[in-house]
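2 protein chains.
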Amino acid sequence: MREVAVIGIGQVKVDENWSKSLRELAGDAALDALRDSGMEKVDAVYVGNMMSGSANQQQHLGAYIADWIGSRYSEAFKLEAACSSGAASFRTALMAVASGEVESALAVGVEKMTDSPGSEITAQLATAADADWEAGQGLSFVALNALIMRRYMYEHGWKKEHFAPFAVNAHANAMHNPYARFHEPTTIEGYTRAPMIADPINLMDASAIGDGAAAAILIPLETVKGRTTHKLVRVAASAAATDTIAIDQRKDPTWLTAAERSVKKAYSQAGLTPADIDLFELHDAFSIMAALSLEANGFAERGQGPRLAIDGEILPTGRIPIATRGGLKARGHPVGATGMYQLVEVVQQLRGDAFGSQVQNARTGMTQNIGGSGSNIITHILQIAD
Amino acid sequence: MREVAVIGIGQVKVDENWSKSLRELAGDAALDALRDSGMEKVDAVYVGNMMSGSANQQQHLGAYIADWIGSRYSEAFKLEAACSSGAASFRTALMAVASGEVESALAVGVEKMTDSPGSEITAQLATAADADWEAGQGLSFVALNALIMRRYMYEHGWKKEHFAPFAVNAHANAMHNPYARFHEPTTIEGYTRAPMIADPINLMDASAIGDGAAAAILIPLETVKGRTTHKLVRVAASAAATDTIAIDQRKDPTWLTAAERSVKKAYSQAGLTPADIDLFELHDAFSIMAALSLEANGFAERGQGPRLAIDGEILPTGRIPIATRGGLKARGHPVGATGMYQLVEVVQQLRGDAFGSQVQNARTGMTQNIGGSGSNIITHILQIAD
Numbered sequence: 001m002r003e004v005a006v007i008g009i010g011q012v013k014v015d016e017n018w019s020k021s022l023r024e025l026a027g028d029a030a031l032d033a034l035r036d037s038g039m040e041k042v043d044a045v046y047v048g049n050m051m052s053g054s055a056n057q058q059q060h061l062g063a064y065i066a067d068w069i070g071s072r073y074s075e076a077f078k079l080e081a082a083c084s085s086g087a088a089s090f091r092t093a094l095m096a097v098a099s100g101e102v103e104s105a106l107a108v109g110v111e112k113m114t115d116s117p118g119s120e121i122t123a124q125l126a127t128a129a130d131a132d133w134e135a136g137q138g139l140s141f142v143a144l145n146a147l148i149m150r151r152y153m154y155e156h157g158w159k160k161e162h163f164a165p166f167a168v169n170a171h172a173n174a175m176h177n178p179y180a181r182f183h184e185p186t187t188i189e190g191y192t193r194a195p196m197i198a199d200p201i202n203l204m205d206a207s208a209i210g211d212g213a214a215a216a217i218l219i220p221l222e223t224v225k226g227r228t229t230h231k232l233v234r235v236a237a238s239a240a241a242t243d244t245i246a247i248d249q250r251k252d253p254t255w256l257t258a259a260e261r262s263v264k265k266a267y268s269q270a271g272l273t274p275a276d277i278d279l280f281e282l283h284d285a286f287s288i289m290a291a292l293s294l295e296a297n298g299f300a301e302r303g304q305g306p307r308l309a310i311d312g313e314i315l316p317t318g319r320i321p322i323a324t325r326g327g328l329k330a331r332g333h334p335v336g337a338t339g340m341y342q343l344v345e346v347v348q349q350l351r352g353d354a355f356g357s358q359v360q361n362a363r364t365g366m367t368q369n370i371g372g373s374g375s376n377i378i379t380h381i382l383q384i385a386d
Numbered sequence: 387m388r389e390v391a392v393i394g395i396g397q398v399k400v401d402e403n404w405s406k407s408l409r410e411l412a413g414d415a416a417l418d419a420l421r422d423s424g425m426e427k428v429d430a431v432y433v434g435n436m437m438s439g440s441a442n443q444q445q446h447l448g449a450y451i452a453d454w455i456g457s458r459y460s461e462a463f464k465l466e467a468a469c470s471s472g473a474a475s476f477r478t479a480l481m482a483v484a485s486g487e488v489e490s491a492l493a494v495g496v497e498k499m500t501d502s503p504g505s506e507i508t509a510q511l512a513t514a515a516d517a518d519w520e521a522g523q524g525l526s527f528v529a530l531n532a533l534i535m536r537r538y539m540y541e542h543g544w545k546k547e548h549f550a551p552f553a554v555n556a557h558a559n560a561m562h563n564p565y566a567r568f569h570e571p572t573t574i575e576g577y578t579r580a581p582m583i584a585d586p587i588n589l590m591d592a593s594a595i596g597d598g599a600a601a602a603i604l605i606p607l608e609t610v611k612g613r614t615t616h617k618l619v620r621v622a623a624s625a626a627a628t629d630t631i632a633i634d635q636r637k638d639p640t641w642l643t644a645a646e647r648s649v650k651k652a653y654s655q656a657g658l659t660p661a662d663i664d665l666f667e668l669h670d671a672f673s674i675m676a677a678l679s680l681e682a683n684g685f686a687e688r689g690q691g692p693r694l695a696i697d698g699e700i701l702p703t704g705r706i707p708i709a710t711r712g713g714l715k716a717r718g719h720p721v722g723a724t725g726m727y728q729l730v731e732v733v734q735q736l737r738g739d740a741f742g743s744q745v746q747n748a749r750t751g752m753t754q755n756i757g758g759s760g761s762n763i764i765t766h767i768l769q770i771a772d
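Residue numbers (our numbering), protein chains in the order written: chain E, 1 to 386; chain F, 387 to 772.
FYI, nobody ran anything at the bench for these hints, they're computed from the structure. No residue lacks a Cβ here, since even glycine has one placed at the ideal position from N, Cα and C. Any given hint could be a false lead.
[Stated by the list, open to error] Using 30 Å as the maximum straight-line C-alpha spacing, the simulated DSBU-like pairs for lysine-lysine come out as follows: (1) Lys160(E) - Lys251(E); (2) Lys637(F) - Lys20(E); (3) Lys617(F) - Lys637(F); (4) Lys265(E) - Lys427(F); (5) Lys617(F) - Lys264(E); (6) Lys637(F) - Lys41(E); (7) Lys265(E) - Lys611(F); (8) Lys650(F) - Lys41(E); (9) Lys251(E) - Lys406(F); (10) Lys650(F) - Lys637(F); (11) Lys225(E) - Lys651(F); (12) Lys231(E) - Lys265(E); (13) Lys41(E) - Lys20(E); (14) Lys251(E) - Lys427(F); (15) Lys41(E) - Lys651(F).
[Stated by the list, open to error] Here are the in silico distance ranges between beta carbons for each label pair: (16) Met1(E) - Asp697(F): 45 to 53 Å; (17) Glu389(F) - Glu155(E): 48 to 56 Å; (18) His183(E) - Arg421(F): 50 to 58 Å; (19) Gly118(E) - Asp585(F): 37 to 45 Å; (20) Arg35(E) - Asp634(F): 28 to 36 Å; (21) Lys264(E) - Gly424(F): 24 to 32 Å; (22) Gln746(F) - Gly100(E): 14 to 22 Å.
Required output: the full structure, derived from the provided sequences and hints.
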């Protein structure tokens, strides 16, 4: 198996991008990544996307986007794993290059959500839950996460305001990210006064949807030297695991078993432990997911995720910086694109291009993209290659 | 790169399977493949599917199906490439095993189409065309293929009845396939009297949709010996190429450039020529696509595809047998599953399990799955491993 490097990254600002079509959004990010890599085209295009068939009446995004970016005739298809579709496209690109099937691959995540009415998007997001056993009962994703958060607070004695530092950190970091949807800092008071959506989840616990795209170019590590002036970033680990889609079928809804399984494989591949991770772009679709992720990935004891946030350990200067470019909360969560934003942001950190939220001397960064309510979890570890 | 073998196959009958849910269809085929392989579970599950988000209100099929078949915690995601989604799942499984990322993978294609009204399914199928430049103009897939067929007949002087032998062969072969949707032979006269759909395409030129699922288990070739009593089948080649989605943007709408590019790579990988192929499961969604496929893959001169059919060379006893288990025309075309049916059927032929439509001494079989109107084409060559 060949080692693989990330030689180019690109992204567009997460926003209500009504003036750009799906192919323009994906194309802007992909062409940005190609320019960054110094390459003109790629052998393969893997697109991460969840809902283009229903939200944009356009499937078949592989051929659709490959042609648009000047890679007509390239191999191309789409990956879908609900909100972890972006990381699935990166993992597929990695396997394609590692196997020797292709010499270069573009992974691009894209989602265009804000053209449709909110109620329709909520229903389409619910197709990531179990149609028979969850969505059919009227449970939206916010509702599912509210049930988990309520149970977690009950079991571990946390109060609502203890989750505030997750939003405060995300919004503060997004101030330094021109691609983030929000450039509005918030405070503990701002958090506690935010409107309730599904008790106990309020507006500041929940990430915002959006239109966005982010992309990366992968090539064999052995071929990259001398081709770029950027610091060389290699993929040190890639691993995925699933769990039941329906939460009620898990023994413990407050523990992310798939995250634990996925990250154990990743740590083992890379020969690392949690102490070696300089920053962690986790999947803070809801603040409860941030807390659970810190625990399942070995950064906090069970039930103690919020403690890290309260103690400031999740800040760019802390022990395990998270959401360093705004996270899903403040950069925004265009679902099929999110996993690729996380990977692009880690590359920015490792290159030292993260401006005011730069993690000093970052050499190893981890991403974790979650599909459904903890049911499809894909972990990547990127490292500076010496 | 490790060589990969197919150790198990499974499928369900293509039909109006109203009494089975999406997960039951996929599960039946997957469990059938697991039983056939002698294995209990796999490291990874790759699902080929096009329209579950809109037709079944269920996305996230990776986790959904992995859990259902007893592979909870396996890596799992969905591949979409319109009608070539099935072959995309097989190719992803191949890359995953070849790269060493996993030791076993299940590729399963599934589609459940007949619960929705026909008009709705036609609109959902049109999302495989270009939403802005084709579907938005009111062009359905039958209409697009009718335009291609009309032009082809004009350029090469063929009459409508010259396409009849494609349907006659497909329906005759399906008589020997218990998993085929139709067990009704047809004749030249039956073809010419079939109702017109979109002139010149009549009911006997067009494949039928359906509900179906087909699956295969892939493992490293080096680990397979002694684990199965079946003849050993290895993947000799896997290659994909795209073209513009919109047909009007191609120089020549009557030539499948992506097929030619895809198969050239495949022949090169396997060290083979068209003369070495014992049978060819091509993508006869419409009879014009069968003719164009025979030409682009090197079995007929340009414009001479129908000649092979007229001369009986596409029969199981002919020079290049096609649709040997009924093809899309008579086995049926549950879109995201079709590519996997083709692969399963070639394995059956290589094992000698094709009953009355067995190709004698078949040692090398090829499949080609087409997404859109020739815009995403994935070719595989399977061979008996000695």
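To see whether the hints hold, each was checked on the structure:
| no. | hint | in the structure |
| --- | --- | --- |
| 1 | Lys160(E) - Lys251(E) | holds (25 Å) |
| 2 | Lys637(F) - Lys20(E) | holds (27 Å) |
| 3 | Lys617(F) - Lys637(F) | violated (44 Å) |
| 4 | Lys265(E) - Lys427(F) | holds (18 Å) |
| 5 | Lys617(F) - Lys264(E) | violated (37 Å) |
| 6 | Lys637(F) - Lys41(E) | holds (21 Å) |
| 7 | Lys265(E) - Lys611(F) | holds (28 Å) |
| 8 | Lys650(F) - Lys41(E) | holds (20 Å) |
| 9 | Lys251(E) - Lys406(F) | holds (27 Å) |
| 10 | Lys650(F) - Lys637(F) | holds (20 Å) |
| 11 | Lys225(E) - Lys651(F) | holds (28 Å) |
| 12 | Lys231(E) - Lys265(E) | holds (26 Å) |
| 13 | Lys41(E) - Lys20(E) | holds (22 Å) |
| 14 | Lys251(E) - Lys427(F) | holds (21 Å) |
| 15 | Lys41(E) - Lys651(F) | holds (18 Å) |
| 16 | Met1(E) - Asp697(F): 45 to 53 Å | holds (47 Å) |
| 17 | Glu389(F) - Glu155(E): 48 to 56 Å | holds (50 Å) |
| 18 | His183(E) - Arg421(F): 50 to 58 Å | holds (56 Å) |
| 19 | Gly118(E) - Asp585(F): 37 to 45 Å | holds (44 Å) |
| 20 | Arg35(E) - Asp634(F): 28 to 36 Å | holds (29 Å) |
| 21 | Lys264(E) - Gly424(F): 24 to 32 Å | holds (28 Å) |
| 22 | Gln746(F) - Gly100(E): 14 to 22 Å | violated (35 Å) |
Going through the hint list in order, the structure does not satisfy hints 3, 5, 22.
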